[in-house]
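Enquirer: Letter by letter, the chains look like this.
Number of protein chains: 2
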Amino acid sequence: MVNVSIITIGDELLIGQVIDTNSAWMAQELNKAGIRVKRRVAVGDVWDEIWKALDEEAVNADVILITGGLGPTADDITKPLLCKYFGGTLVTDSAALENVRYLFESIFKRPLTDRNIKQGEVPDVCTVIQNKRGTAPGMLFRKEGKVFVSMPGVPHEMQGMMTNDVIPLLITEFSPGQISHRTLLTFGIGESMLADMIQEFEETLPANIKLAYLPNSGMVRLRLTASGPDAVETEKLIDTKFAQLQELVKEFIVTNTDEPMEKVLGKLLLQKNKTLATAESCTGGYIAHLMTVMPGSSAFYNGSIVTYSNETKSSLLGVPPEVLTTEGAVSEPVVLQMVKAVLKTMDTDYGLAVSGIMGPDGGSEAKPVGTVWIAVGNVEKQIAQQFNFRFDRQRNIHFTAINALNMMRKFVLDDEGQ
Amino acid sequence: MVNVSIITIGDELLIGQVIDTNSAWMAQELNKAGIRVKRRVAVGDVWDEIWKALDEEAVNADVILITGGLGPTADDITKPLLCKYFGGTLVTDSAALENVRYLFESIFKRPLTDRNIKQGEVPDVCTVIQNKRGTAPGMLFRKEGKVFVSMPGVPHEMQGMMTNDVIPLLITEFSPGQISHRTLLTFGIGESMLADMIQEFEETLPANIKLAYLPNSGMVRLRLTASGPDAVETEKLIDTKFAQLQELVKEFIVTNTDEPMEKVLGKLLLQKNKTLATAESCTGGYIAHLMTVMPGSSAFYNGSIVTYSNETKSSLLGVPPEVLTTEGAVSEPVVLQMVKAVLKTMDTDYGLAVSGIMGPDGGSEAKPVGTVWIAVGNVEKQIAQQFNFRFDRQRNIHFTAINALNMMRKFVLDDEGQ
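Those protein sequences? They're chains A and B, same order as listed. Residue 328 in this note's numbering sits at position 328 of the first sequence; the count goes up by one each step and never skips. Residue 107 in this note's numbering sits at position 107 of the second sequence; the count goes up by one each step and never skips.
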């Protein structure tokens, strides 16, 4: 079975200035193709450490995929290093240079500098992978039976090369076996309780199936991974086991796909041909953002009224100022009025409203930071519920959003008026 | 100088199911304390690979920080492995067990299972780091002069241990020198153009100062990093160089702090004691989310009207239906009307409106995917501008947002009516 190591290069990764999303994307795509990622290593823009990482990962894996360090500026040392490591000389690749020239003249409409021209240079011992989305070409090297591919760190440039060139090449060269995953999402149950529920199932799993618990933001995903030489058999086995697993935890399942809560709700609305609008105070547009990041969401989502001040709660959502004074903005009557108003204003089948104290300031003894009221409903019926989160601001916003979306999901599922 | 390696454990990292945000957070905090992260390695829940990573990183670094693999379920094998690696026996730590019991009985209000009780066990050769935010204790080991710390993978649990225990201990033990960073954010200029502007500056930097280019979403951050044994001298040197750098690129600077665009705008509004509201179509609440993720944003941000359907653009923002028909929703008159309406409805000093086609569908020959209109203004004056992005949906949303925020920032800066 072919093993891959991913090396990401850049000081920014080691001082935490950027989060490495490239490795996750690469791992996901490689896995879909049946190719296993064995290790991931991040090193800085330091000659000796990049060199050492290449030496080590060549021992660990069959394929070494490298991203980063190929920009036009002086802190990027990867290209000369690779040239030396594989014993080559830098030469101009005419297609790569033509690409740089085209991008600057026709797309960026900026003059071509010497730095840009240098981006067309590659070691003469590599196979060039043309970059259709940017200026730095990719480079493929072979040494002692191992394959090394160097790609730029800009995500969409790397993604283009992986999809169009690298993964097809690895499939042709290594004919990997089948790796299949099945993932379900649970809500409202902890990891250890789940583990107790499915202990027997887990203990009797065949050796080529692994179960993983992936807790995240108050939800736990359960993932089965099966591997085997035969695609049909592997799929059949994992489907059987996945059906058993779903049966065991059915009361907590949100979805039996690897999709987030907002997508589950979106699909449900689409399937029922219904529409949704939201009225947000404390989440400040985050629920609207989650609902609209999906392509095609205008089919089921009409919009949001984000009322971050008390005045706008009254003027836009008809919350009586005296209710705000007597009950406070974070209260049952306020969210109920918000949901009724947004249903009417946005003219949708369903509505959702949230109001809460996200912190770090704004809490009181009676309503500490993390106090949240959520209401969901349609014109006939609205329900409200209080929650108490105790996290930092960002997590409180996220927990409020997923709990609101889950309440909405359940309301739509239970809504027999269809 | 003390060097740290970070090992993250979990199959989910190698199949790309989660993005590793822990390493970035840890690296950031360590750096602030003057401690350098040399390498980061991610391995799966595989005995041999975790063992090998421990062996290797003990050679690479003085301190090895490990996260993940400590959950209560069977796929987590890190604790027994560490016990064997450091030659210990698992024993119950009474304080750790007491913590688990307290969390279940008083906070989660769920029965304590055998799995949870087992979380109170630790190797008898470690120093226990109590987990004040969760059930899995941290463990500190020493071997051949190297320090190993194992922490849970749940971000806020790991963060608590790092802040309260691990970093203070490393500072005491290694008295690290000073590492200082200065970062500025530019907008509207590419990496290679910037490099040409500051080439001479870069070439004459002293050896203990490094310059890095961090391109991200149409903006480039420039970061200086200085290291030295003496804090006062290091600070003085980097301040001098940073002042020079700012002078060289001043026309493109958004901020001379390591803060994102939305925070720069928020601070500017706060300083001028002005308020903002937004009217969003294509960004679907993302701009509102960016503006409200900052604590205290209610002081300058009143809210957003997210109109994802044409009907709501008319009913909520007074866009005449005939304009939507003749000009289309993505047009200059529509965003100008949106911004005027939101200024009035939300009663703010400034307003911002966006309408665009984010893709993948909805484009036409005249208005392809990526066509965006943005308007900003106050009651006296509104300006609109067309943009053409050519990315995927998520990046189009992000680029629209940062361009809108930058237009708003410039408008507020230029607004002499104060």
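Errors might be hidden in some of the hints.
Given that identical chains are not distinguished, each listed pair holds provided it fits within a single copy or across any two copies.
[Claimed, not checked] DSSO-like, lysine-lysine: derived pairs with alpha carbons at most 27 angstroms apart:
no. : residue 1 : residue 2
1   : Lys52     : Lys146
2   : Lys344    : Lys410
3   : Lys344    : Lys274
4   : Lys250    : Lys109
5   : Lys263    : Lys52
6   : Lys143    : Lys52
7   : Lys272    : Lys340
8   : Lys272    : Lys109
9   : Lys146    : Lys367
10  : Lys210    : Lys118
11  : Lys267    : Lys118
12  : Lys263    : Lys344
13  : Lys109    : Lys410
14  : Lys367    : Lys132
15  : Lys52     : Lys210
16  : Lys210    : Lys84
17  : Lys146    : Lys236
18  : Lys367    : Lys109
19  : Lys263    : Lys250
20  : Lys32     : Lys367
21  : Lys381    : Lys32
22  : Lys32     : Lys132
No lab work stands behind these hints: they were computed from the structure.
Enquirer: Hint by hint, work out which the structure violates, then give me just those numbers in ascending order.
Expert: Those not satisfied are hints 5, 8, 9, 11, 17, 20, 21.
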